[in-house]
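Chemist: Listed below, chain by chain, are the residues.
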Amino acid sequence: MPADRAAYAEQQSRLLRALLRGEPPDGFDSANAAAASVVLRRKRARTVARALPVLAHDLGARFEPLFDAYARGALVTEGGGLRDGLRFARALPCDARLGDGARREIALARARGASSSLLVVATALRSSRRVLLVVRLPLLGMRATTLPWRCSRR
Amino acid sequence: MTGSVGMSLRGVGLGWRPQLQAAVARAAVAFVEVIAENVDPRRLPSDLERLRDRGVVIVPHGVGLSLGGAERPQSRRLDHLAALAERLGAPLVSEHIAFVRAGGMQAGHLLPVARTAEALEILCENVALAQKQLPVPLALEHIAALVEWPGNELDEVTFLRELIDRTGARLVLDVSNLYANAHNHGYDARAALARLPLTHIACVHVGGGVHRDGRYHDTHADPVVPAVLRLVEELFLHVEAPGVLLERDDDFPSDAELLGELDAIAGAAARGRSRRAAAAHRPRQERAPRAAGRAR
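Chains A and B are the protein sequences, given in the same order.
Take the first sequence: its letters are residues 212 to 365, numbered as in this note's numbering.
Take the second sequence: its letters are residues 17 to 312, numbered as in this note's numbering.
Warning: the hint list may mix true and false statements.
Using C-beta positions, here's what the derived DEER-type ranges look like [what the hints assert, rightly or not]:
# : chain 1 : residue 1 : chain 2 : residue 2 : range
1 : A       : A307      : B       : D204      : 44 to 52 Å
2 : B       : A293      : A       : V249      : 40 to 48 Å
3 : B       : P34       : A       : R340      : 32 to 40 Å
4 : B       : A282      : A       : D215      : 44 to 52 Å
With the Cβ distance kept under 10 Å, some of the chain A side facing chain B (calculated, not the full set) [claimed, not checked]:
# : residue
5 : L226
6 : A246
7 : R257
8 : V287
Now the stretches of chain B that chain A is said to cover, found in silico as 3 or more residues with beta-carbon under 8 Å [said to hold, decoys possible]:
#  : segment
9  : 85-97
10 : 112-122
11 : 128-139
12 : 161-171
Note that these hints are calculated values from the structure, not bench results.
What you are looking at is a predicted structure, and each value in this text was computed from that prediction instead of being measured.
For each residue, glycine too, the CB sits at the ideal point set by N, CA and C.
Whenever a hint applies, use it, and build me the whole structure from the sequences.
Modeler: Structure, rendered in structure tokens:
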């Protein structure tokens, strides 16, 4: 009898989904599964922290709980630490209050990782009261510049 | 495809990571492994090219093939592995007995396969598909797993023996993973070691870890624990195993500390080797009961 790949796929999906969500998978030892689930999220958090180190540093002690909350709900992580990190940054609550360094890092990463060759990313650098503009042009690559914050209001 | 080809790796090796380049150069290791997914065969990092030109053996070590997955291994991933092996002139490639994705989700980590006859059959098929597309022999590494599938029909050693026997693949024996699983799932690591297909080992791995909340975590971010070094000694008491490689992936220590760990591993292997030599010179009647005692 040929092995039933479809049934095994379903079982593996169920286990992985539960571990990613931090819920006990059916039939498995719940304490072991909880430990494995934490390992999965910590590893994912480290990968994101490596891809966006300024963001992780900026959030400090808040990084882990914030990432945990995000990761349990965002199960598809295709694209590696950078894409995962950018999705995490987008999901951050408004009061996360990122510093200019993290905002710059995210804007540059967003421009670099984007699939289209023509792209403009803007972000406010609050403490220096400037706006960072990252422009990606076909053939010319990426250019970043900052403009005074005031200009945009006039 | 038996033991002899596996002997191409010798001495002590180090898992190559960009952060460890200085240590790799200083340690003058005989071989390194690179995480296959992190290296583009069309644009080899210059550090790796230099190592290859110096005659250091470089083995691509995959983490993303998901050979233990219910789906068949992806052809583009196998192409990448094959191209990298050729570019590096590698004598073999290695991958894990694990699944890393399912249902469109990525684990970002190695997850265990079920140890049933059916899951073994799927795994063997996947391994055969990979072997067909790879230009060099494939070695398979068993993982450290915190969860175990309910309804496992085979113990881990029996499962590994069957897998190696049916696929002709060689084994990457990770002594730390063996220690971790034995500790976390309550079996005797030394007895398990003695039952493994020791003549089919292509390479030995050692990684650091930490005991936390009653579990041993194979972190690759902490020092190697003494119990793992004792298992390395035990392994060399049984056989002349091929090269032993240290894996360090995070919280990188100073070069001196890392070189100290490499020395400790070489020392453990040397102790096992000399105990084996001493046992071989002892008269037979004295030797037999000791060997039996060790295997228990």
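Chemist: Now tell me, hint by hint, if it's right for this structure.
Modeler: Hint by hint, here is what the structure shows:
no., hint, verdict
1, A:A307 - B:D204: 44 to 52 Å, "holds, 49 Å"
2, B:A293 - A:V249: 40 to 48 Å, "holds, 45 Å"
3, B:P34 - A:R340: 32 to 40 Å, "holds, 37 Å"
4, B:A282 - A:D215: 44 to 52 Å, "holds, 47 Å"
5, L226, "holds, 7 Å"
6, A246, "holds, 5 Å"
7, R257, "holds, 7 Å"
8, V287, "holds, 6 Å"
9, 85-97, "holds (count 3)"
10, 112-122, "holds (count 7)"
11, 128-139, "holds (count 5)"
12, 161-171, "holds (count 7)"
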